[in-house]
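As they're listed, the protein sequences go chains A, B and C.
So the first sequence is numbered by numbering that gives the first Met the number 0: it starts at 0 and just counts up by one.
So the second sequence is numbered by numbering that gives the first Met the number 0: it starts at 0 and just counts up by one.
So the third sequence is numbered by numbering that gives the first Met the number 0: it starts at 0 and just counts up by one.
Bear in mind the hints are in silico, worked out from the structure with no lab data behind them.
One should not assume that every hint holds.
Straight-line Cα separation of at most 20 Å, PhoX-like style, residue types lysine-lysine; simulated pairs [what the hints assert, rightly or not]:
#1 81/B <-> 184/A
#2 211/B <-> 184/B
#3 211/A <-> 184/A
#4 81/C <-> 184/B
#5 184/C <-> 211/C
#6 81/C <-> 81/A
Just so you know, these numbers come straight off a predicted model, no measurement behind them.
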Amino acid sequence: MNDELVGRHFLALEDFLPSEVDTLLDRAAGLMTAMPSRPLEGRSAALVFLNPSLRTRASFEVAMARLGGHAVVLTPGADAWKLEARDGAVMDGAAAEHIREAAPVLATTCDLIGVRSFPVMESFADDAREEVLRAFAAHSPVPVVNMESALSHPLQALADLLTLRQVFGDPRGRRFLLTWAYHPKPLPIAVPRSALLAACRAGMRVTLARPKGFELPDDTMALAARFAAESGGDLSVREDPDEPFDGAEVVYAKSWASPAFYGRFADEAPLREAARGWRVTERRMARTAPNAPFMHCLPVRRNVVVDDAVLDGPRSVVVPQAGNRLPTTMAVVLSLLGAGVAR
Amino acid sequence: MNDELVGRHFLALEDFLPSEVDTLLDRAAGLMTAMPSRPLEGRSAALVFLNPSLRTRASFEVAMARLGGHAVVLTPGADAWKLEARDGAVMDGAAAEHIREAAPVLATTCDLIGVRSFPVMESFADDAREEVLRAFAAHSPVPVVNMESALSHPLQALADLLTLRQVFGDPRGRRFLLTWAYHPKPLPIAVPRSALLAACRAGMRVTLARPKGFELPDDTMALAARFAAESGGDLSVREDPDEPFDGAEVVYAKSWASPAFYGRFADEAPLREAARGWRVTERRMARTAPNAPFMHCLPVRRNVVVDDAVLDGPRSVVVPQAGNRLPTTMAVVLSLLGAGVAR
Amino acid sequence: MNDELVGRHFLALEDFLPSEVDTLLDRAAGLMTAMPSRPLEGRSAALVFLNPSLRTRASFEVAMARLGGHAVVLTPGADAWKLEARDGAVMDGAAAEHIREAAPVLATTCDLIGVRSFPVMESFADDAREEVLRAFAAHSPVPVVNMESALSHPLQALADLLTLRQVFGDPRGRRFLLTWAYHPKPLPIAVPRSALLAACRAGMRVTLARPKGFELPDDTMALAARFAAESGGDLSVREDPDEPFDGAEVVYAKSWASPAFYGRFADEAPLREAARGWRVTERRMARTAPNAPFMHCLPVRRNVVVDDAVLDGPRSVVVPQAGNRLPTTMAVVLSLLGAGVAR
Numbered sequence: 000m001n002d003e004l005v006g007r008h009f010l011a012l013e014d015f016l017p018s019e020v021d022t023l024l025d026r027a028a029g030l031m032t033a034m035p036s037r038p039l040e041g042r043s044a045a046l047v048f049l050n051p052s053l054r055t056r057a058s059f060e061v062a063m064a065r066l067g068g069h070a071v072v073l074t075p076g077a078d079a080w081k082l083e084a085r086d087g088a089v090m091d092g093a094a095a096e097h098i099r100e101a102a103p104v105l106a107t108t109c110d111l112i113g114v115r116s117f118p119v120m121e122s123f124a125d126d127a128r129e130e131v132l133r134a135f136a137a138h139s140p141v142p143v144v145n146m147e148s149a150l151s152h153p154l155q156a157l158a159d160l161l162t163l164r165q166v167f168g169d170p171r172g173r174r175f176l177l178t179w180a181y182h183p184k185p186l187p188i189a190v191p192r193s194a195l196l197a198a199c200r201a202g203m204r205v206t207l208a209r210p211k212g213f214e215l216p217d218d219t220m221a222l223a224a225r226f227a228a229e230s231g232g233d234l235s236v237r238e239d240p241d242e243p244f245d246g247a248e249v250v251y252a253k254s255w256a257s258p259a260f261y262g263r264f265a266d267e268a269p270l271r272e273a274a275r276g277w278r279v280t281e282r283r284m285a286r287t288a289p290n291a292p293f294m295h296c297l298p299v300r301r302n303v304v305v306d307d308a309v310l311d312g313p314r315s316v317v318v319p320q321a322g323n324r325l326p327t328t329m330a331v332v333l334s335l336l337g338a339g340v341a342r
Numbered sequence: 000m001n002d003e004l005v006g007r008h009f010l011a012l013e014d015f016l017p018s019e020v021d022t023l024l025d026r027a028a029g030l031m032t033a034m035p036s037r038p039l040e041g042r043s044a045a046l047v048f049l050n051p052s053l054r055t056r057a058s059f060e061v062a063m064a065r066l067g068g069h070a071v072v073l074t075p076g077a078d079a080w081k082l083e084a085r086d087g088a089v090m091d092g093a094a095a096e097h098i099r100e101a102a103p104v105l106a107t108t109c110d111l112i113g114v115r116s117f118p119v120m121e122s123f124a125d126d127a128r129e130e131v132l133r134a135f136a137a138h139s140p141v142p143v144v145n146m147e148s149a150l151s152h153p154l155q156a157l158a159d160l161l162t163l164r165q166v167f168g169d170p171r172g173r174r175f176l177l178t179w180a181y182h183p184k185p186l187p188i189a190v191p192r193s194a195l196l197a198a199c200r201a202g203m204r205v206t207l208a209r210p211k212g213f214e215l216p217d218d219t220m221a222l223a224a225r226f227a228a229e230s231g232g233d234l235s236v237r238e239d240p241d242e243p244f245d246g247a248e249v250v251y252a253k254s255w256a257s258p259a260f261y262g263r264f265a266d267e268a269p270l271r272e273a274a275r276g277w278r279v280t281e282r283r284m285a286r287t288a289p290n291a292p293f294m295h296c297l298p299v300r301r302n303v304v305v306d307d308a309v310l311d312g313p314r315s316v317v318v319p320q321a322g323n324r325l326p327t328t329m330a331v332v333l334s335l336l337g338a339g340v341a342r
Numbered sequence: 000m001n002d003e004l005v006g007r008h009f010l011a012l013e014d015f016l017p018s019e020v021d022t023l024l025d026r027a028a029g030l031m032t033a034m035p036s037r038p039l040e041g042r043s044a045a046l047v048f049l050n051p052s053l054r055t056r057a058s059f060e061v062a063m064a065r066l067g068g069h070a071v072v073l074t075p076g077a078d079a080w081k082l083e084a085r086d087g088a089v090m091d092g093a094a095a096e097h098i099r100e101a102a103p104v105l106a107t108t109c110d111l112i113g114v115r116s117f118p119v120m121e122s123f124a125d126d127a128r129e130e131v132l133r134a135f136a137a138h139s140p141v142p143v144v145n146m147e148s149a150l151s152h153p154l155q156a157l158a159d160l161l162t163l164r165q166v167f168g169d170p171r172g173r174r175f176l177l178t179w180a181y182h183p184k185p186l187p188i189a190v191p192r193s194a195l196l197a198a199c200r201a202g203m204r205v206t207l208a209r210p211k212g213f214e215l216p217d218d219t220m221a222l223a224a225r226f227a228a229e230s231g232g233d234l235s236v237r238e239d240p241d242e243p244f245d246g247a248e249v250v251y252a253k254s255w256a257s258p259a260f261y262g263r264f265a266d267e268a269p270l271r272e273a274a275r276g277w278r279v280t281e282r283r284m285a286r287t288a289p290n291a292p293f294m295h296c297l298p299v300r301r302n303v304v305v306d307d308a309v310l311d312g313p314r315s316v317v318v319p320q321a322g323n324r325l326p327t328t329m330a331v332v333l334s335l336l337g338a339g340v341a342r
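Given only the sequences and the hints, what does the whole structure look like? Please build it.
Laid out in structure tokens, this is it:
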């Protein structure tokens, strides 16, 4: 394989051309029917988790194993040294190792580095700098794969796109509802932001429904609108928990924190509690187009974000959606490493 | 291979016919002399540990690796999300993910799921429902292997049976002493319950020795008695720490909590402390039949449960007993997955 | 392969003849150009980490994977049982398992055991007994590899020697400066002790620079002096942070605790704080021989132990030095297991 994806970092899906995203999806779909034989023999990935994971851990580790390679899972602050990301830091505090060493050192044994670093949720501006991820990208001589940062979860977004392909063939022009849902805790925006951008870029007719106060950041909305315009899709925003379900052809639910209240979540609480009713129910799902599937990135809090009846009903695709993490991750790894994807 | 074990869960040894247990033991013994070449190439197991492990982790992980497969080790509550098991739960507490999603999602990447979930030790009735294990079994489309639950440790029991075969050839009619031993903490009953049932079902002449107050549950004793009757063995219970050693042909020591005092361990303490003398000593071992082996599932507290002189003496088989975990686990995995066991 | 390294423990580099160390280095260098194909197929290592790790974990785990084998990573006290090391202990405390069982049990599934056990830093005499490492070595029937103990870090020392070979070809007669550096916490002596002994034994002209009060133990210094005498090198000690850089051909920086103040680190603090100026700066590096490389075992605290300008400058070899951990570990594992090193 000799192509434009080899050797690149995979930090956000919007860093890649639509044609490149299509290539990744084609490869993922191809891997579901024909697996190359151990194309990553002798190769390794370092997976650096600063936060918990089930799907990403299992799918990435199994992706490496099925391809004949190996994944080393490291947890800085627990089994590995706490990391410093800031340039020029005088390291007399808790962090014992700088990413300026950690990244190139891991690259001496591994061919790729995955990084999961959730936002701290104190300052949005600080989180939006994605210091840990960006430091790995700056100092690693091998491809860095974002396993979820403050702003992006591109492996999830790629699996979401593969799911939409499986549902619709071509998702272009289909009505995609991304609805906020109540959750007891303020959550990061990486997944809804990535899903919104991906759906807009895929030419879908996107509705973002969320309570007043739970706006996504202005620059995210502007980028989404630009993607919708470029792709022939469209984007609208609603502040109603019910009506946007009308005619939706796919429903994607997710909770997120209000960026406006970042770091002041006690102040956000009344707003959040007032929106307790934003839950995906059978009644709401009855308003959609016939058989519109229900998507969620998981983990999901049952009967808080979405009712059992929806999750356990025939329209939930959350499990195959999660299952798409494996072929999409394999496609990303093979493409970045330039391995095993003969076409 | 085309047989009755393929695709089944492995939750308790008593779920399997004696002939099926024999098949597993035959296969385990066979794997000790001839290993198939990478029969699990491209296949994976998710090992979900809610509690610590040394033998189970090492033997299961190495079993998968030696067979050409891979094990993903997950620790919900630490590196993975805290799990909810109860149907209908409104998930607004600490658990972020329901087993109704976790199990089928893991099954999208893994061919088998191992689960270790110790009892909470507050309510025996609650623990006996084995909610976590049973939820995985209910919601996983791939085989679930019990890596120790509240009531059962079938991988250990299978290794115990292989050990008894190695010692006796045919253990039928041999005198098996299962003796309670002092331990500073109240421990689960999974291992002694599983060992008792396995020995009774194997047709051994079983003596259960334990202090008054440390009865095993009535239904366990009834099942053990039925197994003994069906197999031509027998079962008796003694409340003496010395005399049951007389003529024993194998001694299996284990401590366990008094189910009657479950959740009230401060009340159990006087009973427990009064039984401090229940320790396996050389003096006691001198009463057995010549060279009767000493068994324990490990880990074991030296000089509390059993004296150094016994563990370090020639009659201890605790290390080869633990070593039997590898071939028995390989036999279970291969049998459930229908792989690599030509006969 | 049929040689004198097969089956041995790898606890300290000084346990091996200089010719044996050379064999390991030759094999490591050879592995950097030609890798055997899966010489460890079906074989496993248990890596027991009582302390955090990045380089050792990644390089050992990848070494096993690249050679076709597998590493099981265990963390006693977290995912595995807390271990007891002392002979004759009455185990009624926190430790649930004795190394007398853990070591031989791991050897039933694994072909090699790695152990990382840092000093407790309360009593130097206690730490110097290296109870955990020595218990594994005493009770394991398979080779034990020290992944850093109180006194030794032989895998690091071997990588250091490979680095010196790469820099100098033959390091004999070259001026090696081992300089203490300020660090906010009292650190173990394993790395500086191992580096000192290795450099002295390699026939280098060694200067140890450290503040008064931060002497290395007398027996270490005596052994280093003997090694220097035997190898045709020499050893001197200086208490100046500047002048020893004059003419140095390689600078190795490391912080360590004062053994004299072990367990009384509040008393050591004034001494330590008075030595805050012992930091590797560009000004100091300007005094060395031209282009003298800068070495450190990592992790390193930037702008505390050494300035950014040095680490980010062209003379820092800390990343390739860490990269040498992979081939040296592969050489050790293959040599101890007698696998895959045709010559």
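Task: Given pair status - residue 81/A, residue 81/C, alpha carbons within 20 Å - done: The given pair, whose Cα atoms are some 23 Å apart, is violated under the 20 Å limit.
Open item on the list: Checking one constraint from the list: CA of residue 81/B to CA of residue 184/A, max 20 Å. Satisfied?
Closed with: holds, 15 Å
Open item on the list: Run the distance test for residue 81/C versus residue 184/B: straight-line Cα separation, threshold 20 Å.
Closed with: holds, 15 Å
- [ ] For the pair we were handed, residue 211/A and residue 184/A, check the Cα-Cα distance against 20 Å.
- [x] Cα-Cα ~17 Å, so holds.
- [ ] For the pair we were handed, residue 184/C and residue 211/C, check the Cα-Cα distance against 20 Å.
- [x] Roughly 17 Å separates the two Cα atoms, so the pair holds.
Task: Pair hint outcome, residue 211/B versus residue 184/B [Cα-Cα no greater than 20 Å] - done: The hint holds at about 17 Å.
Violated hint for the displayed structure: number 6, the only one.
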